[in-house]
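Novice: What follows is each chain in one-letter form.
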Amino acid sequence: MNNLKTYCSSGMILIILLMVSGCGKPGGGASSNVHIQPKASDLSIFEKKKGGGNNLGGGGVKASGGDSGKPGTFSGRIVIAGNPKDYGVVVSKGETVPDSAICSAQSIPNETLLVGKGGGIANVFIYLEEDPRDSDDEKLPLEAVSFVNVGCQFKPHALVVRTGQKIHVTNADPIKHNTLTSPEFNDSINKMVEPKDPAGLSLVYDQQEPKPVLVKCTIHSWMKAYHLPLDHPFVALTDKDGNFEIKNLPSGKYKFKIWHESNGFIETRYKVTIKGDVKKTIEVSTDKLALSGNTSSKVVYLTLPH
Amino acid sequence: MFVLLSQMSYQVTKICLFFPLALCLFLTGCGGKNPEAQFVSSKKRESLIKQAQTGKFEMDGQKVDLMGVDDYMKELFGSPAEMVVWQRLPVDYGGIQGEVIESNGEGQLTVQFNESVDAFSTPQPAYWMTGEDDNQEFTVTSYDPVTKKIVVQGDFENRPKKGTSFILNPGKRLKQGYRLYMEHCLHCHGTSGDGAGPTAKYLTPRPRDFRKGIFKFKSTPFKNKIRRDDLSRTLQNGIPGTYMPSFKLLKDDESKAIIEYVRWLSMRGTIEDQMSAKLTTDYSKKSLAKEIKSKKGSDEKQEAKKEIIQDLLKELRTRFPKKANKISKQVSSSWKIVENDLTLIVLPKVAQPVYKRNSQEYRNSLQRGSKLFQTTCLICHGPKGRGDGENAERYHKNESVSPPRDYDQIGFHDSWGNPIKPRDLTQGIYRGGRRPLDIYRRIRGGIPGTPMPGADKLSDEQIWDTVNFIMSLPYKNK
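Chains as they are written, first to last, in this note's numbering: chain F, 1 to 306; chain H, 1001 to 1478.
Some hints could be false.
Here are the simulated PhoX-like pairs of lysine-lysine, each with C-alpha atoms no more than 25 Å apart in a straight line [said to hold, decoys possible]:
{"no.": "1", "chain 1": "F", "residue 1": "Lys39", "chain 2": "H", "residue 2": "Lys1172"}
{"no.": "2", "chain 1": "F", "residue 1": "Lys48", "chain 2": "H", "residue 2": "Lys1326"}
{"no.": "3", "chain 1": "F", "residue 1": "Lys117", "chain 2": "F", "residue 2": "Lys275"}
{"no.": "4", "chain 1": "H", "residue 1": "Lys1223", "chain 2": "H", "residue 2": "Lys1212"}
{"no.": "5", "chain 1": "F", "residue 1": "Lys271", "chain 2": "F", "residue 2": "Lys257"}
{"no.": "6", "chain 1": "F", "residue 1": "Lys196", "chain 2": "F", "residue 2": "Lys240"}
{"no.": "7", "chain 1": "F", "residue 1": "Lys85", "chain 2": "F", "residue 2": "Lys49"}
{"no.": "8", "chain 1": "F", "residue 1": "Lys253", "chain 2": "F", "residue 2": "Lys275"}
{"no.": "9", "chain 1": "F", "residue 1": "Lys271", "chain 2": "H", "residue 2": "Lys1305"}
{"no.": "10", "chain 1": "F", "residue 1": "Lys39", "chain 2": "H", "residue 2": "Lys1322"}
{"no.": "11", "chain 1": "F", "residue 1": "Lys196", "chain 2": "H", "residue 2": "Lys1149"}
{"no.": "12", "chain 1": "H", "residue 1": "Lys1336", "chain 2": "F", "residue 2": "Lys39"}
{"no.": "13", "chain 1": "F", "residue 1": "Lys257", "chain 2": "H", "residue 2": "Lys1286"}
{"no.": "14", "chain 1": "H", "residue 1": "Lys1044", "chain 2": "H", "residue 2": "Lys1074"}
{"no.": "15", "chain 1": "H", "residue 1": "Lys1223", "chain 2": "H", "residue 2": "Lys1329"}
{"no.": "16", "chain 1": "F", "residue 1": "Lys49", "chain 2": "H", "residue 2": "Lys1306"}
{"no.": "17", "chain 1": "F", "residue 1": "Lys255", "chain 2": "H", "residue 2": "Lys1326"}
{"no.": "18", "chain 1": "H", "residue 1": "Lys1301", "chain 2": "F", "residue 2": "Lys280"}
{"no.": "19", "chain 1": "F", "residue 1": "Lys257", "chain 2": "H", "residue 2": "Lys1149"}
{"no.": "20", "chain 1": "H", "residue 1": "Lys1149", "chain 2": "H", "residue 2": "Lys1161"}
{"no.": "21", "chain 1": "H", "residue 1": "Lys1306", "chain 2": "H", "residue 2": "Lys1293"}
{"no.": "22", "chain 1": "H", "residue 1": "Lys1329", "chain 2": "F", "residue 2": "Lys49"}
{"no.": "23", "chain 1": "H", "residue 1": "Lys1212", "chain 2": "H", "residue 2": "Lys1285"}
{"no.": "24", "chain 1": "H", "residue 1": "Lys1074", "chain 2": "F", "residue 2": "Lys49"}
{"no.": "25", "chain 1": "F", "residue 1": "Lys49", "chain 2": "H", "residue 2": "Lys1322"}
{"no.": "26", "chain 1": "H", "residue 1": "Lys1074", "chain 2": "F", "residue 2": "Lys48"}
{"no.": "27", "chain 1": "F", "residue 1": "Lys49", "chain 2": "H", "residue 2": "Lys1314"}
{"no.": "28", "chain 1": "H", "residue 1": "Lys1305", "chain 2": "F", "residue 2": "Lys255"}
{"no.": "29", "chain 1": "F", "residue 1": "Lys275", "chain 2": "F", "residue 2": "Lys70"}
{"no.": "30", "chain 1": "H", "residue 1": "Lys1201", "chain 2": "H", "residue 2": "Lys1223"}
{"no.": "31", "chain 1": "F", "residue 1": "Lys255", "chain 2": "F", "residue 2": "Lys275"}
{"no.": "32", "chain 1": "F", "residue 1": "Lys257", "chain 2": "H", "residue 2": "Lys1285"}
{"no.": "33", "chain 1": "F", "residue 1": "Lys166", "chain 2": "H", "residue 2": "Lys1223"}
{"no.": "34", "chain 1": "H", "residue 1": "Lys1172", "chain 2": "F", "residue 2": "Lys48"}
{"no.": "35", "chain 1": "H", "residue 1": "Lys1295", "chain 2": "F", "residue 2": "Lys253"}
{"no.": "36", "chain 1": "F", "residue 1": "Lys255", "chain 2": "H", "residue 2": "Lys1336"}
Derived by calculation from the structure, the hints in this document are not laboratory data.
Go ahead and model the full structure; you've got the sequences and the hints to work with.
Specialist: Below, the structure is given as structure tokens:
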């Protein structure tokens, strides 16, 4: 009886404590106090800040004031310093791949690193992020550019377009392909491109991208290409021997971005001063192109053939 | 006597030991404030250097305080407990808008509301939206629905002029949505809608990360956002085959409130991501380290770092505010357009033909559908539709890293980086809905966030044949 009484009383106290333990000042979660602050649509925070221009050196992209030197062409070559590794093929002849009758009729080379005459690197994007001109008086709209699915590859492998310029995607193979884009700011699309359909698919990028957009076919997963949409024409894609040319740059100091698909950005602040024509040979060391590492996907078949 | 004593002391000892321990354990819940809910920042924002995140610079002894990404997010969205109701976003925040018709002195105003308003309980909070007292809070202490007069109390200096607009109980729906979300959704989807709530790590497939603005099962084309109706259907039906349950038992206005909150979270995530993306090329930790590494000598390295920081300062001061403005306008319009433009809803022009069961017509349709399936679908979904096609059983490359390298796991991965398998169509579980129209939409529009493409050019008849074939797969002799 004594035991029971003690147990009961201590039990009661414990139960009361248990109930009370939930109390506390509300913090986060469903029971918290929420305060609302309404704000109008247009806010002053989106306006340019006024402030001292001192110590802002470093040079932006716009040409330095009062510098009325003549515009120039920035041209040159991008070459590899060192021995490029052979990336081999993504699809060997006769390999078992989707639609192998078409796709592995010939071997498909791995286009990740294409090195031409004298070590020139192809498909390197060299461009300015910001438009250096105050206004542009170009003749737009531009003509449509062609982008073809052929031989289970994308041609061209790398493409530069203007925002708003139409890319006409077609399929020259007798099998279906699809085009999947993964842009940063634009809408992503993923559509089938029917075989032998001349109308094809119309692809437009409305906004500038900070780096080239990956374009893939998910049916034939080795197929890839890169598109770079920009608001201005100050961009070049190196040809198969690594040559590039950007015309009519207003004079001034610039920081170019240099991007290649093997390892992303080679340079984000390549400095060039334009006062008339400038020619440069840009050497890229092999470690910047990440030539080590596995380049082709492992293939493992887990199920027995159907 | 001794026996009694020893017995008693045993009890006493037990209580004396057990009691304080239990006390300590139970009292740990008492007192003290529970932690405040905070929004989680995106990976992109995490990758930026500190000055880009906070906007605070310290150079040559001078301190400069600009708006970094965090400051924009604070201004435009706030924190979970202090939410900002930003009028630019197409979110139905709740609250009633009104306009001052006449100021009758002593805090009495004749007003006109945007919608018909009967008596409401007072006092109610309100804000001025325009005029000199813009963004000032006041309280409505009484309302007469007949004369349309309100009595206001507040700390505003100027008598509100005619035409000044205000909003009554702003953010009412958002507040309600917040509470319901915290109660029902938070544990899987996380405070910020990042799909990483406390239970998320035990779930496959993972709960949705709203912050990318990508939703799989919707009635709009691949590239467009999701509509409120689609979110409502998901809430009502749940997603079979996943851990997302049906919330049919919620009241109508409750589920509407949750939908607005989810949309708000999604817009917040997208805007934060895109603002950070404008800065990551030049001002991420990685790119700064790369620049410094490429220079030799500590003087050169210091110079390089200083130059980059100065460029960032200039960017945040001059160009970035405009970019942030453009991004938020773009995101807002992409969410607005799916609600306003009804032509975006994916609907077949040709209705699904009705066949008699086991009729020859039906069998022909299955044959045609099977043929279409064999041309492309089987590469991922497998020849028998089991989701074991050859593409699902090879390694794929992760292209979002530089250099691209194989994923650790075999098979496809979705836009959130999680492994994903092509649907096993023999199971009869259709995540996006089991109406033939839902399956039509998956084929016609593709599934965003996954490798599933949309068949733009197939005719409606062809798609219906494929739908018939797919829906017959669970019943085929295996």
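Novice: Hints first: check each against the structure and report whether it holds.
Specialist: Hint check results:
no. : hint                    : in the structure
1   : F:Lys39 <-> H:Lys1172   : holds, 15 Å
2   : F:Lys48 <-> H:Lys1326   : holds, 13 Å
3   : F:Lys117 <-> F:Lys275   : violated, 29 Å
4   : H:Lys1223 <-> H:Lys1212 : holds, 12 Å
5   : F:Lys271 <-> F:Lys257   : holds, 9 Å
6   : F:Lys196 <-> F:Lys240   : violated, 29 Å
7   : F:Lys85 <-> F:Lys49     : violated, 49 Å
8   : F:Lys253 <-> F:Lys275   : holds, 9 Å
9   : F:Lys271 <-> H:Lys1305  : holds, 15 Å
10  : F:Lys39 <-> H:Lys1322   : holds, 18 Å
11  : F:Lys196 <-> H:Lys1149  : violated, 70 Å
12  : H:Lys1336 <-> F:Lys39   : holds, 19 Å
13  : F:Lys257 <-> H:Lys1286  : holds, 15 Å
14  : H:Lys1044 <-> H:Lys1074 : holds, 17 Å
15  : H:Lys1223 <-> H:Lys1329 : holds, 17 Å
16  : F:Lys49 <-> H:Lys1306   : holds, 21 Å
17  : F:Lys255 <-> H:Lys1326  : holds, 24 Å
18  : H:Lys1301 <-> F:Lys280  : holds, 24 Å
19  : F:Lys257 <-> H:Lys1149  : violated, 63 Å
20  : H:Lys1149 <-> H:Lys1161 : holds, 15 Å
21  : H:Lys1306 <-> H:Lys1293 : holds, 14 Å
22  : H:Lys1329 <-> F:Lys49   : holds, 20 Å
23  : H:Lys1212 <-> H:Lys1285 : holds, 22 Å
24  : H:Lys1074 <-> F:Lys49   : holds, 18 Å
25  : F:Lys49 <-> H:Lys1322   : holds, 10 Å
26  : H:Lys1074 <-> F:Lys48   : holds, 19 Å
27  : F:Lys49 <-> H:Lys1314   : holds, 10 Å
28  : H:Lys1305 <-> F:Lys255  : holds, 15 Å
29  : F:Lys275 <-> F:Lys70    : holds, 6 Å
30  : H:Lys1201 <-> H:Lys1223 : violated, 29 Å
31  : F:Lys255 <-> F:Lys275   : holds, 14 Å
32  : F:Lys257 <-> H:Lys1285  : holds, 17 Å
33  : F:Lys166 <-> H:Lys1223  : holds, 17 Å
34  : H:Lys1172 <-> F:Lys48   : violated, 33 Å
35  : H:Lys1295 <-> F:Lys253  : holds, 20 Å
36  : F:Lys255 <-> H:Lys1336  : violated, 38 Å
Of the numbered hints stated above, those contradicted by the structure are hints 3, 6, 7, 11, 19, 30, 34 and 36, listed in ascending order.
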